[in-house]
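If you're matching them up, the sequences are chains A and B in order. Position 285 of the first sequence, counting from 1, maps to 285 under this note's numbering, and the rest follow consecutively. Position 8 of the second sequence, counting from 1, maps to 8 under this note's numbering, and the rest follow consecutively.
Some hints could be false.
Said to hold, decoys possible - Where chain A lies over chain B, by a calculated footprint (3+ residues, C-beta under 8 Å):
{"no.": "1", "segment": "65-78"}
{"no.": "2", "segment": "103-110"}
{"no.": "3", "segment": "176-187"}
{"no.": "4", "segment": "190-197"}
{"no.": "5", "segment": "200-206"}
{"no.": "6", "segment": "279-286"}
Said to hold, decoys possible - PhoX-like cross-link-like pairs, simulated, lysine-lysine; straight-line CA separation at most 25 Å:
{"no.": "7", "chain 1": "A", "residue 1": "Lys-83", "chain 2": "B", "residue 2": "Lys-271"}
{"no.": "8", "chain 1": "B", "residue 1": "Lys-176", "chain 2": "A", "residue 2": "Lys-425"}
{"no.": "9", "chain 1": "B", "residue 1": "Lys-121", "chain 2": "B", "residue 2": "Lys-246"}
{"no.": "10", "chain 1": "B", "residue 1": "Lys-246", "chain 2": "A", "residue 2": "Lys-216"}
{"no.": "11", "chain 1": "A", "residue 1": "Lys-425", "chain 2": "B", "residue 2": "Lys-246"}
{"no.": "12", "chain 1": "A", "residue 1": "Lys-213", "chain 2": "B", "residue 2": "Lys-176"}
Bear in mind the hints are in silico, worked out from the structure with no lab data behind them. The beta carbon of each residue, even a glycine, is placed where N, CA and C say it ideally should be.
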Amino acid sequence: MRDPGRVHRAPENFLDAAQIAEVQAGRRDFLRGAFVAAAALGAGRTVAAEVGDPAILNLPEHSRSLGQPVAARGYGLPSQHEKNLQRRESPGLTRVGGSSVSFAPLQGLFGIITPNGLHFERHHQGWWDIDPAQHRLMVMGLVREAKVYTMDDLMRLPAVSRMHFIECGANTGMEWGNVAVPTVQYTHGMLSCCEFTGVKLSTLLDDCGFDRKNGKFVLAEGADGSSLTRTIAMERALDDVMVAWAMNGEMLRPENGYPLRLVAPGIQGVSWVKWLRRIKVGDQPWAAKDEALHYVDLMPDGTQRQYSSIQEGKSVITTPSGGQTLLDRGFQNVTGLAWSGRGRVKRVDVSFDGGRNWRTARLESPVLPKCLTRFNIDWIWNGSPAILQSRAMDETGYVQPKINQLRAVRGTRSIYHNNAIQSWKVAESGEVTNVQAY
Amino acid sequence: MTGGGAGVTYAGVGRPATPAEIAAWDIDVRPDFKGLPPGSGSVQQGQKVWDAKCASCHGTFGESNEVFMPLVGGVTAEDVRTGRVAALTKPDVARTTIMKLATVSTLWDYVRRAMPWNAPKSLTTDEVYAVVAYLLNLGDVLPGDFVLSDRNIAEVQARLPNRNGMTRNHGLWDLKGKPDVVNIACMKDCATDVKVASILPEEARDSHGDLAQQNREVGSARVKAKAMAEFAQPAAMQPAELARRKACLSCHGLDNRIVGPAFRDIAKRYKGQDGVEAKLVEKLRQGGSGSWGPLPMPPNPDLAAADASTLVRWVLGL
């Protein structure tokens, strides 16, 4: 039986701590010898250490025989070697799987798009795979004519496709007080980003002739057991909110609201109502459970902020990150994600000394409003301990705060909207751990 | 037909909703009680509904944190007077629903739309009034002889312990809301006294399983699994995992009752009986009620026979 939970040091599991130290001290000849010996053991053959890498010298089966035909898998799957990257729950966070969260494995993702099967999940009363032919959307309330739309109807309307991040308001919520979880999957994994396709909510509101004078808010409601509702101010609803049926080129996944969900760019995921069945126009907010009782931010004076929605500027380094180990000193590509619910990311700075000094990272294109932005920066690791941080700035000039700055205003019991600068400590051994440093 | 900018209309798209359709879905209730249907329910009636349909998750007195956060507790008569829950200012106080609740409509609306957990929208209007009354009685807001109705609910609102405890005066709501926390983008010699204020506690390092198995096998920074052979084995789904995937664990705990009985209690009752496996497989697939109380076990027609057998054998072996 393996050791549960313990992180096993890279580069190779057959190296002990002293041997890793030798590798990192530059004794690569030692590494080669050990590597070949271990590989030879595994392959059951003898290869002289000085001859070369058996992965090159011994032609593998895939180079010597016939591979699989087209359409062997009608819906393609990731390589069998990618099985480590899964959505995972954080043990002890919730008691019931039907009202819980699974976190996206940010430590293993590239670019800005989240693969659909790895998109984080949050359900309030379990998920369903709804028959799209039976699904209906009703738009009613302060409208000239309350209307019912089938999926056929919605897909006839002028469609838009837009890339946006979605982040749960409680993302990083476990770390308001202190470090609590080991990896970026659990610190930041209630975050995903897709290209969504659907119709603008304003198109539907126009089609029903909504009351422009008194219609100040809309209510969105889901068709699941929880029939989750959230209020959205009309100004925002008309700005960039969508009623979407597709993510990343295919229909929504059932866990993400198939066949219809609200996309509310820049604001917390709970507002992106899944399995959307109803839009109501009204003149006052509704004080629904998940905006007036839950998803409220407790301030130090005991007041609770309700309807807190905007996901402010934030970033995190995904490689290297907690639980990983740098394989060797020397050149490293440090990479991560930045985003802002108020618009585009303008700049990302990275510190390697716990925030004393900063360098500006490269932003990869595209850089889109209310969308994840990928950053990269070069780093030569000299083997000394280091503390890595990233700091996002958005186009409004907002600068991602330090955790102590957040706490000075909001205390430690907010739960939601923790967008603090994340610190990863790199030890001499190369081991990376989650710390709070300021 | 209307719609679209620039004179575009969407002729033939969608149709008018009928009054009956609107009535079927228009269930929201606002803080000003718009949408609240007429009706009434007493604390006493509420207790009956509660014991039958709510207590299994929330506890007899709404105090349980077995399945969900506690609903009641933490408020005082002084809070009812001021409309501010004093305990919310104290550090490390667990927050109950009644401590946070500022609008009684929120509670009413939620109970009607989403409760009970496994049978949402099944309560009658009067049952919703009764359950809300009972919960507010448990929460020391209403006396035991109270009858809650659409006519007196505004008076109840005026007694909520945290009715004055909420604010919308912050920058995270309006489209152009102003941030409340300010940092500056200093680039050089910024913090001279950097300290590590918090590290992952030793006991939390193993809390999320083997991190090696949560990272890719290749890459610039990674963790390497100890036993790749184990990882490569095709894993037959373990019964416990199957139970989780099939949502059995939403209603049954291993050792504790949630909505349905604990698995170990089922094992205790049936283990060793003749033909019990076939009987329970049938029950899993067809559903049923009565053996453990009035709440029905829903049918699971999509559950494969082999999976049902696996689950039954697993439960009986607990």
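Comparing the hints with the structure gives:
1. Taking a C-beta to C-beta cut-off of 8 Å, the segment 65-78 of chain B contributes 3 residues in contact with chain A, enough for the three needed, and the coverage statement holds.
2. Residues of the segment 103-110 of chain B with a Cβ under 8 Å from some Cβ of chain A number 6, which satisfies the need for three, so the listed coverage holds.
3. Counting residues of the segment 176-187 of chain B whose CB falls under 8 Å from any CB of chain A gives 10; the rule of at least 3 is met.
4. Only residues whose C-beta sits within less than 8 Å of a C-beta in chain A count toward coverage, and the segment 190-197 of chain B has 7 of them, enough to reach three; the restraint holds.
5. Evaluation of the coverage hint for the segment 200-206 of chain B: fulfilled, as 5 residues show C-beta separations to chain A shorter than 8 Å, against a requirement of three.
6. For the segment 279-286 of chain B, the proposed coverage by chain A is not satisfied: 0 residues have a C-beta within less than 8 Å of a C-beta in that chain, short of the threshold of three.
7. Only pairs whose Cα atoms come within 25 Å are accepted, and Lys-83 (chain A) paired with Lys-271 (chain B) is rejected, the gap being roughly 37 Å.
8. Under the criterion of a C-alpha separation no larger than 25 Å, the hint pairing Lys-176 (chain B) with Lys-425 (chain A) is inconsistent with the structure, at around 36 Å.
9. This hinted pair checks out: Lys-121 (chain B) and Lys-246 (chain B) have alpha carbons roughly 22 Å apart, not beyond 25 Å.
10. Annotation: proposed proximity of Lys-246 (chain B) to Lys-216 (chain A) is violated, straight-line Cα distance about 42 Å (limit 25 Å).
11. With a C-alpha separation of about 40 Å, the suggested pairing of Lys-425 (chain A) with Lys-246 (chain B) is violated against the 25 Å cut-off.
12. With a CA separation close to 21 Å, the supplied pair Lys-213 (chain A) and Lys-176 (chain B) stays within the 25 Å bound.
Of the numbered hints listed earlier, those contradicted by the structure are 6, 7, 8, 10 and 11.
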